[in-house]
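Position chain B against the provided structure of chain A, taking the given hints into account.
There are 2 protein chains.
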Amino acid sequence: MSITKIAVMGYGVVGSGTVELFYKNKESICKKADRELDIKYILDLRDFPGDPFEDKLTKDFNVILNDDEVQIVAELMGGKTFAYEYTKQLLSKGKSVVTSNKELVAAHGAELLAIAKKNKCNYLFEASVGGGIPIIRPLHQCLVGNKIEKIAGILNGTTNFILTKMIYDQLSFDEALKLAQQLGYAEKDPTADIEGYDACRKICILGSLAFGKHIYPEYVHCSGITRVTLDDVEYADNAGYAIKLIGSVEAEGDKLNAMVCPRLVSKNNMLASVNDVYNAISVTGDGVGEVLFYGRGAGKLATASAVVGDIVDAAKHIGRPIVSLAWEDSSSRDFIIRYKESAVSIYVRITADEVDSYKEEISEMFGYVDFIPRKRRCEKELAFITPKLAEFEIDKRLEQISKKCKIESKIRVL
Amino acid sequence: MSITKIAVMGYGVVGSGTVELFYKNKESICKKADRELDIKYILDLRDFPGDPFEDKLTKDFNVILNDDEVQIVAELMGGKTFAYEYTKQLLSKGKSVVTSNKELVAAHGAELLAIAKKNKCNYLFEASVGGGIPIIRPLHQCLVGNKIEKIAGILNGTTNFILTKMIYDQLSFDEALKLAQQLGYAEKDPTADIEGYDACRKICILGSLAFGKHIYPEYVHCSGITRVTLDDVEYADNAGYAIKLIGSVEAEGDKLNAMVCPRLVSKNNMLASVNDVYNAISVTGDGVGEVLFYGRGAGKLATASAVVGDIVDAAKHIGRPIVSLAWEDSSSRDFIIRYKESAVSIYVRITADEVDSYKEEISEMFGYVDFIPRKRRCEKELAFITPKLAEFEIDKRLEQISKKCKIESKIRVL
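As given, the protein sequences belong to chains A and B, one line each in that order.
Letter by letter, the first sequence follows residues 1 to 414 of this note's numbering.
Letter by letter, the second sequence follows residues 1001 to 1414 of this note's numbering.
Isolated chain A, as found in the complex (with noise of 0.2 angstroms):
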């Protein structure tokens, strides 16, 4: 039998761990696989004396392009310039390309997946949502039969745990920023996790395949986790909710609802469950209903998972791609109804002096609002949660209220 020949592209944290756990399981991936299948070389411009692995290594990325025998490259190098020139150049060559490259496949996904369909290669990138935890291939096939309605997940670990150390522990934001970079878990440079860019590239990519067509994190209303205060998990709290930053994407009428922003979520709801570092993805078909997809949702070996079981499946697919990974490209996001327009329930927090002199007028203002206990409340505040409305009617009615008293906090509610 030939061996299918395999290259890593980048021979960082994801690029070890998928080299190392293929090593490791080989013998049963082989035979899963139904093929030998044998890494040849390993791409990185840094030099590894003493790796075991040295003889792999190269330079050189004409090496791989030019090499006849390798037919699927793992791409774990991360960004839009080479990564993205790479991909099209394997793929146009007729080599299947697997990635965890979240921000390549949100920016260019659909050309790319056009580029494998036209060379009848697959370009798959399970590692690219959630780490390890099976989501892209279950979306695509085994919910084939459903009509999905709706996708909302806790897409960053960052994030998700520095929410759980407010929630758990009474941190700060900033208390519990420090400690995420202490603990490996966020950058020096922590924007792309907590201002939501990272969840946004990952719910873009699950919305793009769940409904066809792509959606750009620019078509994307986003905001990050900065501004949610202590007051606020506690108030959340006492309401029956945790606070997290959740990306969704929800059919309405013939347009997509896409959001990236901090949620109150009920305790009813398994997400409110998803604590720490770990992922959690949502999603609602017409025939399975709710189903949840939960594990960790990055770190080496977790990521690595899916990237070998992507290395499987295009071993499988040689020559032929797989069809139902597929979305349309799109030319603008008039498909993307604009948020505001959309009905949604408020979480807001608001101080005056004598604040509570205000709450008939806010009851009568909405209708109806839910005012939320505090066990130590200050007498200058109030927080309550509007009814369901179009988002653009409770900020009219806020801006009234923002005449007398303060407007702290708003957090949209799941």
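Among the clues, some could well be false.
[Claimed, not checked] In silico BS3-like links for lysine-lysine, alpha-carbon gap of 25 angstroms or less:
no. : chain 1 : residue 1 : chain 2 : residue 2
1   : A       : Lys-375   : A       : Lys-410
2   : B       : Lys-1213  : A       : Lys-26
3   : B       : Lys-1213  : A       : Lys-5
4   : A       : Lys-150   : A       : Lys-5
5   : A       : Lys-213   : B       : Lys-1147
6   : B       : Lys-1117  : A       : Lys-26
In short, the hints are calculated from the structure, not lab data.
This is chain B only, laid out in the frame that chain A set:
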């Protein structure tokens, strides 16, 4: 393009749901399958006058068996008699069979998979475990890079509903069972659910797939929830646990530990948050760590969702067996560990006059035990959790205790 013809055998809940979901989403299903699919026959012995698919109904299995146009058959009849014979005959003719029949897969999976392989067709059973929850395909495809270490799941919705009502509404077991029957969640004869047999079949299927060797239900220690009392539920709650019926299979050395029984599940474990008729399956692999799959474990359209997913996969793999979906047969239980030899912590509730006077003796006997406080503790009652020891060692010590106190309950800790 030629049309791939399907037959559905059994027009009950799952059968009619499958037909309904298939025609509801036919266009997108065929697009993702990349071929035209249609249902040609529906087999049932009953008449369905006025049914929209009356023209497809047949009472004669041989019509399906002998129609060369039919390449895929959904066996949704259940049971081990006709379903077994029919499945063997269909597979022997090279027709792929997809099924929700856990009883049949657990009893004859190895044999049926071998027949399928020999005849270059597939035997698929995503719907046999966890209703619509994607679990079979993720296990052998997405997680192919992993050595699976452990599977533990809430695999039966009826018992989980009963336990949920005991935990949250303080219903007794009998009251909760009655309610489940009224709501249609439990059958008139609830034995298979409440005694754990249904969960046992499911853990056998998952374990066989994950560990590569057929685990027959008779190899598995199985006890149900009929002896779980409200007292136990309350003690468990006070100690930070929920009581759940757990099916589990785990590698221990070169053997497997498989069992179905009620367990104390720590509230930090996601499984403790799974309520009502929902199912969840936790899978631990050496790469991915723990991942969990959650959703409605039964129901017409949820199960149909899994069946349709398998139909599409069967259509994509006509003439090509899916090699990773397989396991060897087994001729004896000697790869299953004797469960009494496995180390476990056990929750114990005892009664006696002046029971507190035995506390010290019990502590000394086990080296250390956790006594559980209870709000309204009866003076004659004591509950504690033992340290982790081989179960037969715990039994020996409990035998000592049983000379002085009555042992009311014994529940393993997960």
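How the hints compare with the structure:
1. A:Lys-375 with A:Lys-410: Holds, at roughly 20 angstroms.
2. B:Lys-1213 with A:Lys-26: The given pair, whose Cα atoms are some 19 angstroms apart, holds under the 25 angstroms limit.
3. B:Lys-1213 with A:Lys-5: 30 angstroms, violated
4. A:Lys-150 with A:Lys-5: 39 angstroms, violated
5. A:Lys-213 with B:Lys-1147: Violated, at about 36 angstroms.
6. B:Lys-1117 with A:Lys-26: 23 angstroms, holds
Hints 3, 4 and 5, counting from the list given before, are not met by this structure.
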